[in-house]
Amino acid sequence: MKINYRPEIDGLRAIAVGVVILYHAEITIFGNETFKGGFIGVDIFFVISGYLITSIIFKELITTGSFSFKYFYERRIRRILPVLIFVMLASLPFAWMYLLPNNFIDFSKSILYSLGFSSNFYFWHSGEQYGAESGLLKPFLHTWSLSVEEQYYIFFPVLLIFIFKYFKQALPIILFISLITSLLIADWGSKNYTSATFYFVHSRMWELLAGSLLAYYEITLGQKSKYQKLNRIFPSIGLFLILHSVFFFNDKMFHPSFYTLSPIVGVCLIIWFSSKDEIVTKILSTKLFVGIGLISYSLYLWHYPVFAFARIVEITEGSLLKKILLGIIILILSIISYFLIERPSRNKNNKFKIIISLIIISISFLAIYNASIISKNGYKNRFYYSKTYELGRLSYLKENINFEINYNYDDYDYRKNALIVGNSHADDILEILSKTILKDKIYFNLISPKKGTDRFKRTARWEFQLNHFYKFLEEKKSIISEYDNEFLSHFKKQYENSDLIILSSRYFEEDLKVLDRLIKILKDDDKKIIIFDNALEQTIRVRLNRLDYYIYKNNKFPEKDILKKIEKNMFLDLKNKDEVNQRVKLIAKKNEVLLIERKKIFCNLDKKSCPSITNDGYKIYWDYSHITAKGAEFFARIIEKDKKFLKYLSSALKIPLN
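To convert a position in the sequence shown, counted from 1, into my numbering, add 1.
Any given hint might turn out to be false.
[Claimed, not checked] Estimated spans, in silico, between C-beta atoms of each pair:
1) Asp617 - Asp525: 45 to 53 Å
2) Leu160 - Asp525: 53 to 61 Å
3) Glu497 - Leu160: 49 to 57 Å
4) Asp525 - Lys642: 30 to 38 Å
5) Gln170 - Arg518: 56 to 64 Å
6) Lys349 - Leu160: 22 to 30 Å
7) Lys514 - Ala91: 40 to 48 Å
8) Ile369 - Ile656: 55 to 63 Å
9) Ala91 - Lys349: 42 to 50 Å
Calculated from the structure, these hints are not laboratory results.
These numbers come from a predicted model, not from an experiment.
All C-beta atoms in this analysis are idealised placements derived from N, C-alpha and C, irrespective of residue type, glycine included.
Go ahead and model the full structure; you've got the sequences and the hints to work with.
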């Protein structure tokens, strides 16, 4: 039974890849991001994939009574790997030129995991939030969706054929129950385990199964919808649901979840009710849409690394015209790879033995090359490097990870206990205070969720946001969905034994909304309180500090006059925090709580500059905001001179500081 070609499916592919590209291009009109829901293009792809894969399997089963796994996976390999490998190889020179050591290592790991059909696990494990600015600089973040599909291709045919053979009559019921189960898991998981739900196949399976059910009923019934009136109406409704999602969804919503039903239903309506005489089908079947649909896989593969490298070198920053030109480049690259790589690879006249041999050679090269990048620590000597100042953040991040806290209360019973609460910027305050003379009088501590994985051990200390702290105290719950019982039990013990609470954060709106009520709860519990205002953040898009950025662009350390200019520009960045800091200041004043202004520690107010290196030439910031161990020592000496701070501690905690 031959699979009938449906041009409108390619048209749907064109919409899917188009909205994804527009979303990642961050197109803004009149200051608003127009295609903020464009990420749903990936969900459209999942439905289409489920529909086509199931159609292939069922039609082979019905025609021959059997199914060739060898032929099926040969087609998948021909379709997926050659152009993916080609894009990876083409990206290597740009990665060598532009990626700093830590980013280069991350780049190499993402390639290796992608070749192993598991990059979704890697990006989840590394704590990468899809849509976050840091993710926009990772050239192969988009391969997570390929890994989801590839994992589905591995286990779904086996399960489908098993059910078809032994439980044929129950097949549609099993598919439907599986869809509903996956959807319920996705909706629950999006609220409780956001990252895992986004990246993993179990919460995406319902989208693929939606396409599978369409294929099953189309084949078993021998047709799609036969109701002409519905055929004229529902494709337009489906297109409306898709476009509504593109323009009105955003990456702050729970996704995938019940909300995602809207575009998924829209795609299903078009697939099931499309007909030759219907307007949406005609539009999707035009040469333009079909042409884009045919090269959609190449477009999807090329767009993300091209945008990522463009952001790193700031080619398109703030320019719509440059983004359009970049889009044209992506289109040209996709056409080239489609005709030179995709079509020849999929052509049955080209022997599979030759294609698989080239694939094995290419994968071997990529594996060896990227493994060497990881083992050589990203070849850090490609950029400026000295014993006191290293460009990038790799060694400094390791230094931060290795900063350990002793949780044994018995060893500190002669000290007062200060519990520091917040995100990664609370971690900075912890490191500073732990290097002052205060450590002999006060036990400074900040604890973290421990979930048994390297990812949480690595980033855990900055997971507890202030709004979560408020939730923990206000609702008196032993369980907060973002954290496990072990962490919350430990946190409760730390809180009960604390004499002083220090709040330190890069404040989000959710934190500011509850800050006043949080302070009141702490006062009711008879806690002494200190608040640090908003974290300093240098406005460099590539997420480097300004000094790093200069060295990155010029491959040399700046002269003194340029260094002074850099540090004055850092001071100007403080204006970006004025609104938030005023809100924090008013709340602190209202509640008569000591407020520590970070700029008085991290900057020289007389010279209107913020130092970026210590007096002996060591790096202070290891990224756009966070400090190094040497930076902590540098600021510790400044803290020790703050008479107001020391006097408050002495009085509040009733300890001599002489």
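Inset, instruction - Sort out which numbered hints this structure fails and list those numbers smallest first. - result: 9
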